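Engineer: So the chains spell out like this:
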Amino acid sequence: MNTIVKYITLDLIKNKIIIIYTLLLGVISFSVLSIDSNSSKGLLSLLNITLLFVPIISILFATIYFFNSSEFIELLLSQPVKRKTVLLAEYSGLSTALCAAYAVGIGIPTIILTPSPAALVLLVSGLLLTLSFTALALLVFVLFKDKTKGIGASIIISLFLSLLFDGLLLIFIYSFGEYPIEKPILGIIALNPIDLARILMLLQLDVAVLMGYSGALFKKFLGSMAGSAYAIICMMLWVIVPLFLSVKIFRKKDL
Amino acid sequence: MIKLTEVTKSFGKFKALDNISLTLGKGQAISLLGPNGSGKTTLIKSILGLVIPEAGTITVNGLQVNNNWAYRSHIGYMPQIGRYPDNMTIVQVLNMIKELRSDKHVYDEELIDSLGLRKIQDKTMRSLSGGTRQKVSACLAFLFSPDVFILDEPTAGLDPLSSEILQSKIAQERNKGKLILITSHVLSDLEDITSHILYLQDGKMMFHKTVEDLQNITGELKLSKIVASLMQEADVHKSFQHEHDS
Chain W
1 MNTIVKYITL DLIKNKIIII YTLLLGVISF SVLSIDSNSS KGLLSLLNIT LLFVPIISIL
61 FATIYFFNSS EFIELLLSQP VKRKTVLLAE YSGLSTALCA AYAVGIGIPT IILTPSPAAL
121 VLLVSGLLLT LSFTALALLV FVLFKDKTKG IGASIIISLF LSLLFDGLLL IFIYSFGEYP
181 IEKPILGIIA LNPIDLARIL MLLQLDVAVL MGYSGALFKK FLGSMAGSAY AIICMMLWVI
241 VPLFLSVKIF RKKDL
Chain S
1001 MIKLTEVTKS FGKFKALDNI SLTLGKGQAI SLLGPNGSGK TTLIKSILGL VIPEAGTITV
1061 NGLQVNNNWA YRSHIGYMPQ IGRYPDNMTI VQVLNMIKEL RSDKHVYDEE LIDSLGLRKI
1121 QDKTMRSLSG GTRQKVSACL AFLFSPDVFI LDEPTAGLDP LSSEILQSKI AQERNKGKLI
1181 LITSHVLSDL EDITSHILYL QDGKMMFHKT VEDLQNITGE LKLSKIVASL MQEADVHKSF
1241 QHEHDS
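Going down the list, the sequences are from chains W and S. Position 184 (the first sequence) corresponds to 184 in the working numbering; numbering is contiguous. Position 98 (the second sequence) corresponds to 1098 in the working numbering; numbering is contiguous.
Among the clues, some could well be false.
[As the list claims (entries may be wrong)] Not the full set, but computed from the structure, chain W residues with beta-carbon under 8 angstroms of chain S:
#1 15
#2 69
#3 79
#4 80
#5 255
[As the list claims (entries may be wrong)] Beyond 12 angstroms from chain S on every Cβ pair, some chain W residues (computed):
#6 1
#7 30
#8 39
#9 56
#10 65
#11 89
#12 93
#13 163
#14 174
#15 241
Think of the hints as simulated: they come from the structure by calculation, not from any bench. Please read all numbers here as calculations on a predicted model, not as lab measurements. Note that beta-carbon positions come from the ideal geometry of N, C-alpha and C, so glycine has one too.
Chain S with its partners taken away, still in its complex shape (with noise of 0.2 angstroms):
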């Protein structure tokens, strides 16, 4: 569904992404990981085309990424700061997103109500904490039911409810068959939805395997071990140690 081909993107002397390629599928929940400033972000922006590589493919359900608009129809995308105008309200803000795709008409607003927001929903944005804002960006992600999520770190800032609600929707949405591309510090939280783990180090991919693979591989059971003992086998064991003290 999603194919990047020899994919590279430098600012200024900085490789953010340095040469990859990969095909991510159908029914896939990829856990995005690596130390920050390892091109998580840049990945995901690359394929929203809101950062434009200066080499390489990227293509959505066959569509060409470069210049296009019409793929992103099949994104639903949370991003890891959600920032809205200050006085519009959050129903204004489902809203105008509501009209802006005229092409869809059946919604899926259970996130709307399993989060609360219904109640609130004649708030300014202004009012609204950290966490609530977050949760508006998770309703706008899901409100089209598309056949791609790129969640960046999703769950950063939610109450331990909100999180358990937000992650049986994705486990939900993944048992559907959709793609999604998750990142996240915290493992646990990814710990009953991945299948894949994708692992970025100074942009180059060091590993993308199925869970299972690595678990065999390093003999553990549990997502943090797993990526723990990895870590250690490639030497990078410094720069995750730094990750956590930030």
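Okay, chain W solo, but in the shape it has when bound (with noise of 0.2 angstroms):
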């Protein structure tokens, strides 16, 4: 396993969209920290733009390139190797490249201009989302056959994740404000990795009673111990789950 995803990692590291993935980060985090003194505020926006284009860049990114893999996967798969060895394989070489982009690119420049845990949560719920949308893309990559339907899927729960979601959970809160729906709601936000990583960061900025009702309802129902920890095992979750399925149903695919 080792292997595979060390020649994946080194394939990926060279690749032109990675580099300029990071050196865009690397860019838009530098210029944003040094814009403003209020370093708190700096970090809000390094947080909207992970928030905005870390799903959407992962997910695509790694469908595409699942699917264009799938020849070489079938080349490993005539070795003496498992199923799950390759998958994982290709996940693990994947995410470490996307992840590392994201280290350089937003990780260095906000610990280097502003070093603070909050820039540290920052880093940590940007590579959860990186992992989980990664995971979310081999899981699309196993389910079609398609590469035209697999992009478009992942487009769709991209969208659905970053847009949608919200607006549905506004609908909720809005028809039923007049009952005690604030447990329900918790329960609800861990569907979404995005919301998770918000509010982890908000618990952080201490800003959390202005930006919206989720972050809201964490600070008051969980304290911000609590909070963070249960939006990092929900996160997790959204790795795990995904990359537990991909293998199952990998296992009985037809190549």
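Each chain sits in its own coordinate frame; assemble them with the hints.
Structural biologist: See below:
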């Protein structure tokens, strides 16, 4: 497994899109952080950029990469290795490269310019987002045989989670506003890794109350530590569950 | 060495393999022939465990293919289309597969030299032509001197000289007593290699005979003539025409 991960990562480090992605994140974070003297505001802007770009870029790039690798995966599978090993190695190699891009592009500038626990939390939530959306891309890859359909599904997943989900949540809150729905909402939010990342960061920045209903809820019901732990555990589940399902489906897939 | 028992595989309503039973033994070079969509690739992929049949059993060297992976150390596979990660170099691809197979430390690198890959080993896979990529696939299949070779359209896309080098390598391995399963539409390339012909149509096995038997039956000497006359007999002429047109 380590062999495949090593060579895939070596291949991806030289990939133009990964290099441009890293540079772009680096330029954005340097410029955002040096414009404003208030580091908390700068980190919030970076959070919004992370929430907007990281999910869609991770899932789209990963889906295209997995589908383009399907012949290579077949070749690897003609060697005496397990299907599970090949699939998880592909995932690990790709997520290592994407995480490295995020860590270099956002992590290094924030830690140099605004060294704080909040900068670290931003890094962690960005990395968890990358891992979970790459895992979702893997799930799309094993579910679909056709590349175009797979890319379509990935676009729908990322749009649903980044735009539509919050809208539906708002409708839900307005319709059932007269009932005690705070606890159910905590559960529903766990269904969206992007919301979880947002909450994780907001709890850290002490602006939770200002930044909407969900943040306020988390602050009120769970307190900072428990809320962060809950968000991190849920995000890890967003990595583990798609990976587990992918391996299970891939075991029986016809290539 | 390879034994299939009542193997059936369907994709939806379409039966790609229909109740196929056959035994392939040592020292044989089997040409797998049949029109497009007759189930050749599905048969190969079933043996490699890439496609999972819904019924029947396949064994390679006595090992069940089902949910097993160790048996693949006996197989060298050359796919029809070889695509590799863009930024890997030839030498990286070769090293990766070598590192993956830590069970073997003796490599058969004859083809790497004779096909001239040594000189261009630091080129990235993206920059290679289809034919050169095909050569890399060929080198990988022969790298560990396996007992079984499964070659899917090995000479398609190769220049005449390389094609000749690959054919003589295949013949050399067959003479060592290896089992070779080969598909090709270029019948003249198979002429000197083949000992048996396995003909598939619509997922069914039409015949599986030695070339000598077929020569006696048809009275023809050349492989292409033999196949043509057998097809006319089996009234499958139309589908073969269609295959040549496409």
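Engineer: If a hint holds in the structure, say so; if it does not, say that too.
Structural biologist: Hint-by-hint comparison with the structure:
With a least beta-carbon distance of about 6 angstroms to chain S, the hint placing residue 15(W) at the interface is held under the 8 angstroms criterion. Hint on residue 69(W) holds. Least Cβ distance to chain S is approximately 7 angstroms, under the 8 angstroms limit. The interface hint given for residue 79(W) holds, since its Cβ lies 6 angstroms from the closest Cβ of chain S, which is under the 8 angstroms cut-off. For residue 80(W), the interface hint holds, the least distance from its beta-carbon to any beta-carbon of chain S being 4 angstroms, beneath 8 angstroms.
A distance limit of 8 angstroms between C-beta atoms decides the matter here; for residue 255(W) the minimum to chain S is near 4 angstroms, and the interface restraint holds. The beta carbon of residue 1(W) sits about 9 angstroms from the closest Cβ of chain S, which is not more than 12 angstroms, so the claim that it is off the interface is violated. At the 12 angstroms boundary, the C-beta of residue 30(W) stays outside the reach of chain S, the nearest C-beta of that chain being 27 angstroms off. The claim that residue 39(W) is not at the interface with chain S holds, since no C-beta of that chain comes within 12 angstroms of its own (minimum 37 angstroms).
The beta carbon of residue 56(W) sits about 22 angstroms from the closest Cβ of chain S, which is more than 12 angstroms, so the claim that it is off the interface holds. Its closest Cβ contact with chain S, about 9 angstroms, brings residue 65(W) to no more than 12 angstroms, contrary to its assignment away from the interface. Against chain S, the non-interface label of residue 89(W) is violated: not every CB pair exceeds 12 angstroms, the least being about 10 angstroms. Against the 12 angstroms criterion, residue 93(W) falls within the reach of chain S, whose nearest CB is about 9 angstroms from its own CB.
The Cβ of residue 163(W) sits about 32 angstroms from the closest Cβ of chain S, beyond the 12 angstroms cut-off, so the non-interface label holds. Against chain S, the non-interface label of residue 174(W) holds: every CB pair exceeds 12 angstroms, the least being about 45 angstroms. Every CB of chain S lies more than 12 angstroms from the CB of residue 241(W), the least distance being 24 angstroms, so the non-interface label holds.
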